[in-house]
Amino acid sequence: MDTVSLALIAMCCFAVLTAFAALFTKDTFYSALYMSVTLVTIAGMFALNNVQPVFVLITFIFVGAIGAVTFALAAMYRDPRPKIQIDFVWFIPAIITFGAIFNAIFGFKNVSSVFTGSEVSAFVERYAVFALFFFALAILLMLSVVKFVRREEV
Amino acid sequence: MMVYVTLVTSAAILLIAYVMAMSSKELVRLLISLELMFGAVFLALMPLFTIPNLTTQAFSIAVLTIFTSGGELMILIAAMVTFSKKFRSISTDDVVAGGDKI
Chain E
889 MDTVSLALIA
899 MCCFAVLTAF
909 AALFTKDTFY
919 SALYMSVTLV
929 TIAGMFALNN
939 VQPVFVLITF
949 IFVGAIGAVT
959 FALAAMYRDP
969 RPKIQIDFVW
979 FIPAIITFGA
989 IFNAIFGFKN
999 VSSVFTGSEV
1009 SAFVERYAVF
1019 ALFFFALAIL
1029 LMLSVVKFVR
1039 REEV
Chain C
-17 MMVYVTLVTS
-7 AAILLIAYVM
3 AMSSKELVRL
13 LISLELMFGA
23 VFLALMPLFT
33 IPNLTTQAFS
43 IAVLTIFTSG
53 GELMILIAAM
63 VTFSKKFRSI
73 STDDVVAGGD
83 KI
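From first to last, the protein sequence lines stand for chains E and C.
The first sequence begins at 889 in the numbering used here and counts up by one.
The second sequence begins at -17 in the numbering used here and counts up by one.
If you are wondering where the hints come from, they were derived from the structure by calculation, not from laboratory data.
Even for Gly, the Cβ is constructed at its ideal location relative to N, Cα and C.
There could be a bad hint or two in this list.
[To be verified] Covered stretches of chain E, as calculated for chain C (at least 3 residues, CB under 8 Å):
{"id": "1", "region": "889 to 900"}
{"id": "2", "region": "911 to 922"}
{"id": "3", "region": "933 to 941"}
{"id": "4", "region": "948 to 957"}
{"id": "5", "region": "1023 to 1030"}
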């Protein structure tokens, strides 16, 4: 097994561990921190496989922008008496679902993989109109959210 | 093999996020669980980049997913802030939809 594969397995284990930490930690603020570490690790896996544009997008948007807002909210509504808020009964349907998904994934066990990276320039050439409309849609969405919050303030 | 490991990790993170969402007692934890779910979805996209003829399409799907989920989380954050201002609470017990307590 080569170094990249070993690093990928280590990062997968680390991502699952930090996700568990986000689930089991008592304090919401630390939960947000662990969640960000999980997302950075996921983004790192893309970088490891030569897909750097997706690494940049996930890190900027999910860790930089939304992650920062989540930190702020978690710090603002921090419970002075933190407690674990897990209903363990929900583990039963979760394990059944995991079994079903694992069964579906099992077919990919022997699929060989060679990551080839992404071509941003080809994306811009082929999907220029798509990108333009998507950008316009994102701006419209942000404007409607601002309008919604302002209307509720009145 | 690597595709398999990636997909299993994605499923594991998704299910951790499901348990977190279903058992969360406050909206901040719900937001964190949603972000974890989107992280799992991004990870599930990774095998698409192993097909040489589909890398551009895979990148466009990744961009679409990242921006759509970002917009969705932004709406949830706005709703949460408004909810907090109105009810002075972020507990999921106070969330009422269609006359039923969630």
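Do the hints match the structure? See the list:
1. 889 to 900: Holds, because 4 residues of the region 889 to 900 of chain E bring their Cβ atoms closer than 8 Å to Cβ atoms of chain C.
2. 911 to 922: holds (count 4)
3. 933 to 941: holds (count 5)
4. 948 to 957: Per the Cβ count (6), the hint holds.
5. 1023 to 1030: holds (count 3)
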